[in-house]
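**Student:** Chain residues, written in single-letter form:
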Amino acid sequence: MDDGVRRETGGYIGQSVPRREDKNLLLGQANFVADMQLPGMVHAAFARSPLPHAKILSVDVTAARAMEGVVFAASGDDVMVALPPINGMQVVTPQGWRDRVDTDILIPDQPLIPNDKLRYVGEAYALVVADSRYIAEDALELIEPDLEPLQPLADAESALADDAPLLHEHLGRNVAAFLHTKKGAGGAAMENVPHRISRRFVHHRYAAMPMECRGVVADYDTRTDTLNVWSSTQVVHWVRREVATALGMPEERVRCIAPDVGGGFGGKGHVYPEDILVAWLAREIGRPVKWIEDRHEHILNAAHSRDNIYDVEIGFDDEGKILALTSSFLVDSGAYTPVGAGIAGNSIAHMLGPYHIENYETDCRVVLTNRTPNAPYRGAGRPEVGFAMERSVDLVANYLGLDPAEVRFRNMIPPEDMPYEVGLTYRDGVPMVYDSGDYPKALRRALEELGGLEAIRKRQKEALAEGRYIGLGLGCYVEGTGVGPFEGATVKIDPTGKIMVAAGACPQGQGHETIFAQFAADMWQVPIEDVYVTVADTGHVSQGYGTIASRSTVTASGAIKLATDEVHQKVFAIAANMLETAEADLELRDAGVGVKGVPDMHLSYRDIATAAKPGWGHQRPEGVVAGLESTSYYEPPTVTWSYAANASLVEVDVETGQIRIEKYVEVHDAGVLVNPKLADGQVKGGLVQGLGGALLEELAYDDQGQLLTGSFADYLMPTASDVPPLSVVHQETPSPLNAFGVKGLGEGGAIAPPVVIANAVCDALRPFRAELNSTPVRWSQVAAFFDRD
Amino acid sequence: MTDTRKITVTVNGERLTGAAEPRMLLVDFLRDELRRTGTHVGCEHGVCGACTVIIDGDAARSCLMFAVQADGAEISTIEGLAANGEMHPLQKLFSEHHALQCGFCTPGMLMTAMDLVHNSKDHSPEAIRTGMSAALCRCTGYVGIIEAVTEYARQVHGDAAVADRDSGENSHG
Numbered sequence: 036m037d038d039g040v041r042r043e044t045g046g047y048i049g050q051s052v053p054r055r056e057d058k059n060l061l062l063g064q065a066n067f068v069a070d071m072q073l074p075g076m077v078h079a080a081f082a083r084s085p086l087p088h089a090k091i092l093s094v095d096v097t098a099a100r101a102m103e104g105v106v107f108a109a110s111g112d113d114v115m116v117a118l119p120p121i122n123g124m125q126v127v128t129p130q131g132w133r134d135r136v137d138t139d140i141l142i143p144d145q146p147l148i149p150n151d152k153l154r155y156v157g158e159a160y161a162l163v164v165a166d167s168r169y170i171a172e173d174a175l176e177l178i179e180p181d182l183e184p185l186q187p188l189a190d191a192e193s194a195l196a197d198d199a200p201l202l203h204e205h206l207g208r209n210v211a212a213f214l215h216t217k218k219g220a221g222g223a224a225m226e227n228v229p230h231r232i233s234r235r236f237v238h239h240r241y242a243a244m245p246m247e248c249r250g251v252v253a254d255y256d257t258r259t260d261t262l263n264v265w266s267s268t269q270v271v272h273w274v275r276r277e278v279a280t281a282l283g284m285p286e287e288r289v290r291c292i293a294p295d296v297g298g299g300f301g302g303k304g305h306v307y308p309e310d311i312l313v314a315w316l317a318r319e320i321g322r323p324v325k326w327i328e329d330r331h332e333h334i335l336n337a338a339h340s341r342d343n344i345y346d347v348e349i350g351f352d353d354e355g356k357i358l359a360l361t362s363s364f365l366v367d368s369g370a371y372t373p374v375g376a377g378i379a380g381n382s383i384a385h386m387l388g389p390y391h392i393e394n395y396e397t398d399c400r401v402v403l404t405n406r407t408p409n410a411p412y413r414g415a416g417r418p419e420v421g422f423a424m425e426r427s428v429d430l431v432a433n434y435l436g437l438d439p440a441e442v443r444f445r446n447m448i449p450p451e452d453m454p455y456e457v458g459l460t461y462r463d464g465v466p467m468v469y470d471s472g473d474y475p476k477a478l479r480r481a482l483e484e485l486g487g488l489e490a491i492r493k494r495q496k497e498a499l500a501e502g503r504y505i506g507l508g509l510g511c512y513v514e515g516t517g518v519g520p521f522e523g524a525t526v527k528i529d530p531t532g533k534i535m536v537a538a539g540a541c542p543q544g545q546g547h548e549t550i551f552a553q554f555a556a557d558m559w560q561v562p563i564e565d566v567y568v569t570v571a572d573t574g575h576v577s578q579g580y581g582t583i584a585s586r587s588t589v590t591a592s593g594a595i596k597l598a599t600d601e602v603h604q605k606v607f608a609i610a611a612n613m614l615e616t617a618e619a620d621l622e623l624r625d626a627g628v629g630v631k632g633v634p635d636m637h638l639s640y641r642d643i644a645t646a647a648k649p650g651w652g653h654q655r656p657e658g659v660v661a662g663l664e665s666t667s668y669y670e671p672p673t674v675t676w677s678y679a680a681n682a683s684l685v686e687v688d689v690e691t692g693q694i695r696i697e698k699y700v701e702v703h704d705a706g707v708l709v710n711p712k713l714a715d716g717q718v719k720g721g722l723v724q725g726l727g728g729a730l731l732e733e734l735a736y737d738d739q740g741q742l743l744t745g746s747f748a749d750y751l752m753p754t755a756s757d758v759p760p761l762s763v764v765h766q767e768t769p770s771p772l773n774a775f776g777v778k779g780l781g782e783g784g785a786i787a788p789p790v791v792i793a794n795a796v797c798d799a800l801r802p803f804r805a806e807l808n809s810t811p812v813r814w815s816q817v818a819a820f821f822d823r824d
Numbered sequence: 487m488t489d490t491r492k493i494t495v496t497v498n499g500e501r502l503t504g505a506a507e508p509r510m511l512l513v514d515f516l517r518d519e520l521r522r523t524g525t526h527v528g529c530e531h532g533v534c535g536a537c538t539v540i541i542d543g544d545a546a547r548s549c550l551m552f553a554v555q556a557d558g559a560e561i562s563t564i565e566g567l568a569a570n571g572e573m574h575p576l577q578k579l580f581s582e583h584h585a586l587q588c589g590f591c592t593p594g595m596l597m598t599a600m601d602l603v604h605n606s607k608d609h610s611p612e613a614i615r616t617g618m619s620a621a622l623c624r625c626t627g628y629v630g631i632i633e634a635v636t637e638y639a640r641q642v643h644g645d646a647a648v649a650d651r652d653s654g655e656n657s658h659g
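One line per chain: the protein sequences are W and F, in this order. Going by the working numbering, 813 is the number at position 778 of the first sequence; the sequence numbering is gapless. Going by the working numbering, 568 is the number at position 82 of the second sequence; the sequence numbering is gapless.
Chain W with its partners taken away, still in its complex shape (with noise of 0.2 Å):
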C-alpha cells in the first residue's frame, strides 16, 4: 500500500487498511501449530474418561509403554508426582473488587492429569507419546483403567441438593464462589413498586468453537535450559507463567509463541494442561513433541460457556419505569472454573445495561459440577446477563401495553448524563462510569435501519390480517471493554530505520498486526510499510497479558503509545544535539526529525539511531543513555464502555415452527474505529455466533451428565445459508478515557443475538400470548405455541 492510503488529516488510523496477515494465510503458507515439524518430533495423545464421575481404581499404562513405537506413557500417578496442578487462579482479582462485592471464593486448582478421580466425559487419565499420532492412538487402545462410576452431578441445580456427593471433597461444597451486590435500596424496594413480574431464564451451554482446535508443540534444548512452547492460545504470557512454575524454571528460560491461530473467542484465552503437560513432555523425553486436538476432543475438552439460570424480578410503575430489579443466578461452572468468578462478575455489572435504575441486587452461585469446565466466551457473562435483562424488559412492555421500544427509551440513561455513575464497581476495582455514548440515538437508528417502528408496526398489522406472524426483537446492551490489568509493548528504532514494534497481544485473526501498525505509523509519522509488528511472543516483550475480553485495541495501543512517547523523548534530544537546535524547534516529519519550516534540516531515523548507538563516534548529548527502545506497560485507568443497539425483524411460520430472520441490524458503537473495515468484521462475525448460539449450537448433556452433542453432526455450527442480511452501524463516540478514544469491539457482536431473536419470535406470537425464556430457541418450542390455542 502506499502513502495514498493515508488520511489527509491524521494518517492511518481510521483508514480500512489492507491486512498485512492476510497474504500468508491466502497462499497457504501460514504457520499454524499443526504445520510445525521439527527433527524427531513425537507426538502425543491422551486417555480421556468416558464417565462424567467416576473414582480411579488404577489406570495400567504398561502395555502401551511395551508397543513398537512408543517412546513414552504415563497415567495420572505418573504426572501426579512430577507436576503440581494448575493454580486454580489464573485471574487475579482485585482487592478493590472484593472489597466492594462481597464474595466467598473457593476455587479449586486443576489437577494435570487426576489420579483419584475423573469429573468430567472428556478429562484426560493417561497419555502416550510415540513416534506418530496414529501409532499414539493405537497406545491409548491397550491402556485399560480401572474407573468405579459415582454419582454424576450432572447439572447447577443437582449439585445443590442437600444430599449432593462433592465434587472436590476438600472444597466442602459444590459453589466455588457466591456474588453479592447491590445499589439502592437493592431487593428492598421491591415493597414500594406498582408491579412486579418474576421469571426464570435459561441460557443454554455453547462455546467458542474455533475452526482450528488447539494444539501445543514444545521443544527443551539441553545446552541453554530453555524451552520453546508453541501454543494455539491467546495468552502467551500466561502459558509462559504456568509453564515456568510447573516446571520449576524460571520465566526468563521459556519462551511461548502462538504462531498463527486460527480463531480464539475466549476458548484458548487461559492456560489448559495440555500447555503444561506438553512443554513437560518435551524435557523428560528430550525430543520436540507435538499434540493437535481433535474435533471430538476439542468438543469434550475444551472450555464450554454460557449455561446459567437466572430467577429474576422487574419493578416498575404505571409508566414503565423500571424502579428495581432483583435478580439470583447460577453459572454451571463444570468441573473446574479456570478463570474463575470472573464470567459471574462481569454478568452482575453488565445487567443494568444502558438503563438508568436506581435499586438493583443480584446474587450467584458459581457452581460445580460434572460438566466440562466453563470459561469466558464472547461476550462471557453478557450474553447471559442480556438475554434475562432484555427478556425482563419486554415482559414489562407486555404487561402495560407498551411498544417494547419505548419501555426502553423511557429507562434509557440519556447522552447528557454522560459520564454516567452506574453505582456498581466493575472486575478491575473500579466504580463503574459509562464514558460516553447516546445509547437512545443508537436504538433509534437501529429502528431506522428496519423502516422505522411505525411502518414496522404497521407491516406487523397487516401481515397477521393474512395470517403471517412477523415480530420486531430488540436488545441492548453495554459493555466495558478494553480491561486492565496490563498491557506490555516495546517499541525500538531498528539501525536501518525502521521502526519495530511488539505488543503482548495474542491475535486470532482480527488483524492486530495491521492496527498495532497503523497506530505506529502515525505516532511515527511513516509510511506503514517501515513499521514491523512482532504479536505474541513471550521473547519480544518482557511481561504482557494477552487477547481476551476485547481489549487489545485498546491496552496494546496505550503500551505502543508509552513505549513510543519515551523514545520520541531521546530522538528528539539526539536530533536537537545533531542539528544543534532547541528540541522545540524541531518536528517529526517524513520518517524523521526535521527543524521546523526549513525543508532542508532534516536527519532520518536511520541516521538518529546511528547517532543513539552505545561506542565510539556517537552523537547523543549528555546525560541520555544509549539506544532508541523502550519498554512499556499501559495499566488503564479502568474500561472503555461500548454499546450496542440490535433490532432484528423474522417471520416464523406456524405450520413448521421455523424462524426466518428478515433482517438483522446491529448499530453499534466502539468508539473511535482504527479500521473500519475490520470492525465491520469483527462484529458481523460476533453477530453469527451469536445467532448459532440462538438457534443451532448446543452441548447437550442428557441426566447421567453424558454430553450427546461430540460432533459438527451434532454441534450445529451456522452456515453461509444461515446468515440473514445483516445490517452494521458504527456510531463512533471517543472514549476520554485513552489518548485515541478508542474502546474494544471483539465480542460486541455476540451478545444479544440470542434475546433479540426470542424477542422478535414471541412478539410475533403475541396472538399466542408465547413467552420463550430460555435458549436456544427451538422450532419445536415455538411451534407448541400453536397447538396450545
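Be a bit skeptical, because a hint or two may be false.
To be verified - List of simulated lysine-lysine pairs, DSSO-like, C-alpha gap at most 27 Å:
1) W:Lys58 <-> F:Lys492
2) W:Lys218 <-> W:Lys356
3) F:Lys578 <-> W:Lys712
4) W:Lys533 <-> W:Lys58
5) W:Lys527 <-> W:Lys631
6) W:Lys493 <-> W:Lys476
To be verified - Partner residues are not named here, just some residues of chain W that face chain F (Cβ under 7 Å, in silico):
7) Asp57
8) Pro245
9) Lys712
10) Gly720
11) Ser756
Said to hold, decoys possible - Partial pick of chain F residues on the chain W-facing surface, computed with a CB cut under 10 Å:
12) Asp489
13) Lys492
14) Thr503
15) Asp514
16) Asp518
17) Val527
18) Phe552
19) Gln555
20) Glu565
21) Thr592
22) Thr616
23) Met618
24) Arg624
None of these hints come from the bench; they were simulated from the model. Think of the CB as a built atom: it goes at the ideal place given N, C-alpha and C, for glycine as much as any other residue.
Since the structure of chain W is provided, determine the placement of chain F on it from the hints.
**Tutor:** Chain F alone, transformed into the frame defined by chain W:
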C-alpha cells in the same frame, strides 16, 4: 503398522511420491508426508470443509479419503492457486472483501469456491450461498466470503450469471 504403500500423486502439477499406511488419511498424507500444509484439518469427519481439495477436477474432503485411494490422482490445493508470484483473482478478492480473519478455513473456502464457480452452472446468490455452505467459517459470518465468491463468479461468468432471480430478496451483506 509398517505395511506402507508407495503413493504417487500430482499436486498442483508437481508429481510427488510418498509412503502411506493403508489407513492414512489423504489429508495427513498431503500435510505430513508431502509437507503441503496449506490444506487444513478442522474436524476429521467431513463437516467443516477445511480440508477440501480438488481431486481429478472435483472438490472433495481429503479427511474422508485414504491416501491409497488417491494414488495416481491429480490434486489441486491452495498452494497451487497463485501463479508466477501473483495471487489468483479469487485470493485477491478474499483479501479485498475481508473474507478471512484467522484464515484457518480459508484453504477449504478457496477450493470450495473454485469448484463452485468453475464446475457448477448455477451462480445465483442462492446457489452461491448454498454452495459455500459446504465449508464452515467461525470468524467472518460469511459476509465477505459470499461477496468475494460472488464477485469472482461475476468476473468469470458475467453480470447476468450472478443476478438475483428473485428480485424481492434482499442482497446479503
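**Student:** What are the numbers of the hints that this structure violates, sorted from low to high?
**Tutor:** 1, 12, 13, 14, 18, 19
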